[in-house]
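K.L.:
One-letter residues, chain by chain:
There are 4 protein chains.
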Amino acid sequence: MQTCRMLVLAMVQISTLAAQSTSKATSKAALAEKALVDDLVAANRVLAHEIRVLDAYGHVSVRSAANPNHYYLSRAISAGMVKTADIIEYDLDSNPLAGSQGDGYLERFIHGEIYKARPDVKAVIHAHSAEMITFAAAGVSLRNMIHTGSFINDGVPVWDARKFGGTADDMLIRNPALGQALARALGSKTAMILFGHGVAVTGNSLATAVSNSYFLNMNARIQLDALRLGALNGGGGQVSYLEREPGAKAPAATPAGAGANNRAWEYWKQRVAAELGR
Amino acid sequence: MQTCRMLVLAMVQISTLAAQSTSKATSKAALAEKALVDDLVAANRVLAHEIRVLDAYGHVSVRSAANPNHYYLSRAISAGMVKTADIIEYDLDSNPLAGSQGDGYLERFIHGEIYKARPDVKAVIHAHSAEMITFAAAGVSLRNMIHTGSFINDGVPVWDARKFGGTADDMLIRNPALGQALARALGSKTAMILFGHGVAVTGNSLATAVSNSYFLNMNARIQLDALRLGALNGGGGQVSYLEREPGAKAPAATPAGAGANNRAWEYWKQRVAAELGR
Amino acid sequence: MQTCRMLVLAMVQISTLAAQSTSKATSKAALAEKALVDDLVAANRVLAHEIRVLDAYGHVSVRSAANPNHYYLSRAISAGMVKTADIIEYDLDSNPLAGSQGDGYLERFIHGEIYKARPDVKAVIHAHSAEMITFAAAGVSLRNMIHTGSFINDGVPVWDARKFGGTADDMLIRNPALGQALARALGSKTAMILFGHGVAVTGNSLATAVSNSYFLNMNARIQLDALRLGALNGGGGQVSYLEREPGAKAPAATPAGAGANNRAWEYWKQRVAAELGR
Amino acid sequence: MQTCRMLVLAMVQISTLAAQSTSKATSKAALAEKALVDDLVAANRVLAHEIRVLDAYGHVSVRSAANPNHYYLSRAISAGMVKTADIIEYDLDSNPLAGSQGDGYLERFIHGEIYKARPDVKAVIHAHSAEMITFAAAGVSLRNMIHTGSFINDGVPVWDARKFGGTADDMLIRNPALGQALARALGSKTAMILFGHGVAVTGNSLATAVSNSYFLNMNARIQLDALRLGALNGGGGQVSYLEREPGAKAPAATPAGAGANNRAWEYWKQRVAAELGR
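Protein chains in written order, with the working numbering: chain A, 1 to 278; chain B, 1 to 278; chain C, 1 to 278; chain D, 1 to 278.
Hints listed in this document are in silico derivations from the structure and should not be mistaken for laboratory results. Incorrect hints may have been included.
Since the list gives no way to pick out one identical chain from another, each pair is judged satisfied if it fits inside one copy or across any two copies.
With a Cα cut of at most 30 Å, we get these calculated DSSO-like pairs of lysine-lysine [claimed, not checked]:
1) 163 / 189
2) 28 / 189
3) 163 / 34
4) 83 / 269
5) 269 / 163
6) 163 / 28
Produce the complete structure using the sequences and hints provided.
P.N.:
This is the structure in structure tokens:
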């Protein structure tokens, strides 16, 4: 384990050297980068075992802090078993850096193309959330129900890979062109549903992307139940949404890692610490 | 751990000295107070891990027995990781006592203002229960379904922070004025829904507040399913509620810690004992 | 632990002596009785932790084999923490045998009165199952959906304690008269719903009562979803039930502990063996 | 444990000897066969504890690689407690090989007759999935909702044992004739619902059968919720399914153990490795 971490640290240092000018800065950046990779491993476990946004499928990535034109993503294994040694560094065309070992996820273009199109995005999650597939199949738009889901007021578009060359039998984002079409459809939104497939969720930090994915599923379950309950009440499914006040703008992006998001993140990481030997 | 508990005990003793006249009484009260803080820590874990009323968000407090104008509440971390050393003692204006360490929850005014307005309340829980948000969004009132939910017959009001200066983007109870408006709306009820946000649940003991929060969510799920099933039966959602007999008054408050509540409380505490090293 | 078991064994032997004539028979009966009590402890844990028919509330009993006019039931603690030393031996009037320690459940009359009225019943479970409360509140009758729920074809009546002197505020079966009324309403059925409260489930063995309680809840969930799905299909909630063939009689009672029930029982016991130190 | 594995290995070697000509080939085949049996044990645990397709009931088998006219299936215990020593080797008439110990499942004919009729099938799962029973009871056909459920586009028939000599009281596939009728009804499909009972799911590998059973249940839950949500939206339950493009054929069978199925399989096996002492 320790040996693996040292190797990654070494790899990070080499890649970072090109972008940094002094050894002092490099050393600090390398430590920050190592912490980022550690957090990415934890995020994989949190999404799989603690908040269950991921099952055996799906993946999470984080943009490199030292080199914003690179991102980190596990090799093609289930999130619930990812270790530090499984993390691969990619450029934004989703090519692995020389020296990377193991096969990457076929759908890594989801991550690379979103990072390319959205400099504000620091982390991306691709999940097969049943709640998201349900809303897209029923043709019902997600509306904001909860005080932690303000980003849903910006809209959660639905995107269908079949209209961009995807095949009905697997719907996979298997090449850069599909990834680019997906990123274009996402636009400036936080999250987008992939019809018959799942969801892509972003955040301006790893912690924020993780909590966004959690709140998105929670919001969907509440919306479905509220529509049902409203309909039973004889009101035709009338539901009061938590909309922005007229004329209000979207809130400034949550500072990365701040406040309540950070509180949940620290907790969720603690919950998977034992399985990671931390 | 032991050191932390000793410190809390010392702190409690100092605060208690002002209100007590003899060292004998102080010593007994200090032990009771230490037990109360131990129970508060257990309640945090029970609500998070055993009955899952709290997720990474929300909090639980208990009124000081030695000084009813004080209450105990964790610093701003997730309930599932609260330890004795994290407990802060507050006055009813939600100011921490001198010497407290760590930041408090932004929304601690929910607790302080309810204790101020309701001398009978000994414990308060603020949770983000999906069931509660669902009922408020659908505009359907909770009705009593279960023999352990008699307090629901008194009504569970819905309160909207936006009408009292709260902002639509986070709905937080971030100042005394919002806390006071919330406490006024709660009135003499046991529980109140916060629209788009969650719930505030009270009890005349910590054990009772915990079981009330458990039964409230259970009641909501049963009511939703019964309305659905009644509607499927061709009866327009007709449901038989468990109402008080005509002319009957609300039952006297359950003696703190008595009977079946106490049985569940002892069990739930046992279930989290290992993680607390007890 | 061992000491406790020895004490129970001793207690059983003393109680058994009155009904048996030779020491040889006594010894064999005492061992069987000890195994029965061990199984009752396991049933408590299985119902609480493995199949989740019981939460912190509810209880399970078994009729004594050595003395059919006696039954075993835990003292008043949550099923999930019951140990051998907690088991009390009762007569059919629900009076504890001399020497029993600890308070009994207030509602033990559910057990005693059913055993009195139904010689074929060897085990009784009282649970607060949400599924059962839901069906009673909606006024919909349980119908058989699954091949393991044939007993549901005999009907699952709904009984309301308020019509027999129970109080709306707690609905508890707190005296022999209420227990007798409940047993009369149960008649020859396997299970009966207690309106606003829960369910009473019986079996001709402990294993059968446990699996009956499991299948009853499963059947209810399937029936609710099937009615919903049938209604969505435009068919007005048409559902095909698994009824007996015209003219067919109820199947002979499953031999105690035989076949598939026994398979599940052995598995469920194994799942709680570690927590019981077995 | 080791002793048990050695015995199975020995048994496999003996049975394999008849079909193999050189000791070298035998040795390699025997090792592959041992790995297959190890995987079957893991599949039992995965289905019971990790993806919860099986509860205390139901079973999973795999066709022998060394002798395609044989298959492996546990003796009649719950899947969650199966060990290597519990595996029995059967011929396709579901007769155990000489030397097998322990009673087989009464319903083993489900497995044998499907293997006989379908040379392409390498693994069979029989589960009591509530989702499957629900769809059959409501008379609604499963339709494909998810990109991993393409096989559902081939149709998931519903079969009623009562029309082929099964009894309403248990619906069991207790003889070869019922197994043959079942296999005929399955035809070339991947999965078939058994009315009032459960489901039979196949795969061209153990990993594929396991993931098919997982996706089938997930698809059913999404379809039910999407129909419900579509109906609430005022659209009469309109749902967009993930159908094959007009004129498209079913995809070629997934190569056994390839790609994403394999990724999940490796993960699920890792999740039960500790309980198997691996």
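K.L.:
Does each hint fit the structure? Answer for all of them.
P.N.:
Here's how the hints hold up against the structure:
no.	hint	result
1	163 / 189	both (20 Å within a copy, 29 Å between copies)
2	28 / 189	neither (33 Å within a copy, 55 Å between copies)
3	163 / 34	neither (40 Å within a copy, 46 Å between copies)
4	83 / 269	both (14 Å within a copy, 17 Å between copies)
5	269 / 163	neither (39 Å within a copy, 37 Å between copies)
6	163 / 28	neither (46 Å within a copy, 48 Å between copies)
When the structure is compared with the earlier hints, violations turn up for hints 2, 3, 5, 6 and for no others.
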